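Protein chains in written order, with our numbering: chain A, 1 to 180; chain B, 181 to 436.
Where hints are given, some of them may not hold.
[Claimed, not checked] Ranges between beta-carbon positions, derived for each pair:
| id | chain 1 | residue 1 | chain 2 | residue 2 | range |
| --- | --- | --- | --- | --- | --- |
| 1 | A | P104 | B | G315 | 19 to 25 Å |
| 2 | A | G54 | B | S281 | 29 to 35 Å |
| 3 | B | W183 | A | V138 | 56 to 62 Å |
| 4 | A | E107 | B | L299 | 31 to 37 Å |
| 5 | A | V19 | B | G242 | 22 to 28 Å |
[As the list claims (entries may be wrong)] Calculated lysine to any residue pairs in the SDA-like style (CA-CA distance at most 20 Å, straight line):
| id | chain 1 | residue 1 | chain 2 | residue 2 |
| --- | --- | --- | --- | --- |
| 6 | B | K269 | A | R121 |
| 7 | B | K279 | A | Q114 |
| 8 | B | K279 | A | K34 |
| 9 | A | K34 | B | F340 |
| 10 | B | K269 | A | L124 |
[As the list claims (entries may be wrong)] Examples of chain A residues lying across from chain B (beta carbon under 8 Å, computed):
| id | residue |
| --- | --- |
| 11 | M1 |
| 12 | A3 |
| 13 | L15 |
| 14 | E56 |
| 15 | F58 |
| 16 | L59 |
| 17 | N62 |
| 18 | L124 |
Everything labelled a hint here was simulated from the structure, so no lab data went into it.
Keep in mind the model is a prediction, meaning the values are calculated, not measured.
Just so it is clear, CB atoms sit at the ideal spot from N, CA and C, and this is done for glycine as well.
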Amino acid sequence: MIAAWILVAVALFALGILVYVAIRSRTRRVDLEKAVQAFRSLDIEAFRNLVDSGEEAFLRNNLSPKKFREIKRQRAWAALIYAWEAGRAAAALAKIGQAAQRSPDPEIAASGVQVAENAFRLRLQTIGACLHLLTEVVLPDLQSPSLPPLVDQYERTAETLFRLGRFPSREQGLVRPKSA
Amino acid sequence: MNWHKVLSLVLWITPHVLLGVLVVVLCKRRLYREFPVFFAYVLYEIAQFILLFALYSIPGAGKQYAYAYCATLLLSIALRFGVIDEVSKDLFRESQLLKVSARRSLQCVTGLLLVVGVLLAVYAPGDNSGRWIAGVSVVNRGAAMVQCGLLLALLLSSRFLGLSWRRSTFGIALGLGILTSVDLAMFALRTAFASWVAVEFFNLLITSAYLVCVSIWIGYVLAPELQPASLMIVPNDNDNDEVGTWNRELRQLLKH
Chain A
1 MIAAWILVAV
11 ALFALGILVY
21 VAIRSRTRRV
31 DLEKAVQAFR
41 SLDIEAFRNL
51 VDSGEEAFLR
61 NNLSPKKFRE
71 IKRQRAWAAL
81 IYAWEAGRAA
91 AALAKIGQAA
101 QRSPDPEIAA
111 SGVQVAENAF
121 RLRLQTIGAC
131 LHLLTEVVLP
141 DLQSPSLPPL
151 VDQYERTAET
161 LFRLGRFPSR
171 EQGLVRPKSA
Chain B
181 MNWHKVLSLV
191 LWITPHVLLG
201 VLVVVLCKRR
211 LYREFPVFFA
221 YVLYEIAQFI
231 LLFALYSIPG
241 AGKQYAYAYC
251 ATLLLSIALR
261 FGVIDEVSKD
271 LFRESQLLKV
281 SARRSLQCVT
291 GLLLVVGVLL
301 AVYAPGDNSG
311 RWIAGVSVVN
321 RGAAMVQCGL
331 LLALLLSSRF
341 LGLSWRRSTF
351 GIALGLGILT
361 SVDLAMFALR
371 TAFASWVAVE
381 FFNLLITSAY
391 LVCVSIWIGY
401 VLAPELQPAS
411 LMIVPNDNDN
421 DEVGTWNREL
431 RQLLKH
């Protein structure tokens with residue numbers, strides 16, 4: 001009997017999510033400027049510094065174990081927020097890439113493919129990075145390798161995004177001039 | 181004929197009439213080429229209804245009806261899995277990267293959900309007083325749980341990854357998601373409460389959900405595909421179209 005009611009609760013929860021997703025999908029719009037802003041708000045150098053293994057080794061050697069754990073937790077938490085925000089920005093970029101992919105202009109479409117693929121890759125990497133950083137928050141004594149793939153991926157995605165901005169638009173609705 | 185019987189019949193017949201409308205729409209828009217499994221599922225549901233309704237109308241064919249119901253149910257469950265597979269293929273069609281990684285993740289989710297379904301069938305088989313009804317409910321409950329979980333995983337991962345749905349694909353997934361979640365709740369309760377009164381009441385709810393689901397399918401299949409949303413392009417004032425300049429500018433901005 002308890003199993004039945006648990007399943008009813010699960011089903012109602014699922015129904016709620018489905019309705020929410022359906023409503024949200026009607027109101028969501030893709031905004032390239034917002035995505036660029038999101039990327040601009042991320043300090044990649046600061047993130048690189050937070051996940052740098054050399055910095056970590058320095059702190060480990062110069063701080064008491066208790067203080068090191070405290071600092072490490074704070075650094076990991078800050079890096080996690082960066083990774084999370086980078087992931088959100090990547091999801092927004094993926095939407096833009098897919099919209100550009102459907103452009104009749106082959107150049108924009110090709111750029112769109114690149115933007116979307118890079119964004120998806122970055123999004124997937126941020127999931128891994130977040131899990132990794134969460135482990136560090138919980139277990140600060142764990143020796144952590146650096147996260148260069150994520151940083152590189154971030155930069156590659158940013159590059160392709162900005163390359164997309166080079167192409168003049170012929171498709172109404174896809175790209176709007178600044179004054180519009 | 182009492183109001184309850186009339187309501188049951190209306191809610192049983194109406195969705196299948198609407199499925200006929202859906203077949204016409206799918207043919208007119210040539211969507212059967214893009215969604216062959218979904219098209220086959222819709223046709224199968226209509227055929228199943230005709231068979232079951234014919235058996236229901238023949239007096240004294242209760243046993244045959246029960247056998248036909250069980251037999252057709254299994255293929256219906258299999259076809260629904262096919263529809264989910266078709267939806268996932270369509271969703272990940274534009275990304276080579278996701279085609280591999282997302283399908284692998286979905287296989288893991290399916291495996292996990294199947295294990296939970298089997299464990300539930302073993303440890304929470306429910307009320308066995310009306311044996312075949314309870315048995316069918318357990319099978320349906322397990323299938324609904326796996327299907328609902330898969331559709332939910334698809335919807336949530338698409339949101340998480342920033343994947344764009346085509347309207348028709350989204351409609352199919354949404355309709356099936358609502359149907360399977362209601363199925364899950366109703367068959368879970370039917371497994372626990374196998375009395376005829378309860379079964380009749382749950383049937384009403386399931387057929388109502390089916391009506392909503394078919395209406396969603398028709399609505400989304402009829403709706404025109406959304407044009408790409410308007411994007412604000414990065415201003416092209418100076419020589420900022422150069423990747424290197426942009427990166428330097430970005431770093432400069434980030435330093436402040």
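Right, here's what the structure says about each hint:
no.	hint	in the structure
1	A:P104 - B:G315: 19 to 25 Å	violated, 55 Å
2	A:G54 - B:S281: 29 to 35 Å	holds, 31 Å
3	B:W183 - A:V138: 56 to 62 Å	holds, 59 Å
4	A:E107 - B:L299: 31 to 37 Å	violated, 53 Å
5	A:V19 - B:G242: 22 to 28 Å	violated, 38 Å
6	B:K269 - A:R121	holds, 18 Å
7	B:K279 - A:Q114	holds, 15 Å
8	B:K279 - A:K34	violated, 28 Å
9	A:K34 - B:F340	holds, 17 Å
10	B:K269 - A:L124	holds, 19 Å
11	M1	holds, 5 Å
12	A3	holds, 4 Å
13	L15	holds, 4 Å
14	E56	violated, 22 Å
15	F58	violated, 22 Å
16	L59	violated, 23 Å
17	N62	violated, 26 Å
18	L124	holds, 6 Å
The earlier numbered hints that this structure contradicts are 1, 4, 5, 8, 14, 15, 16, 17.
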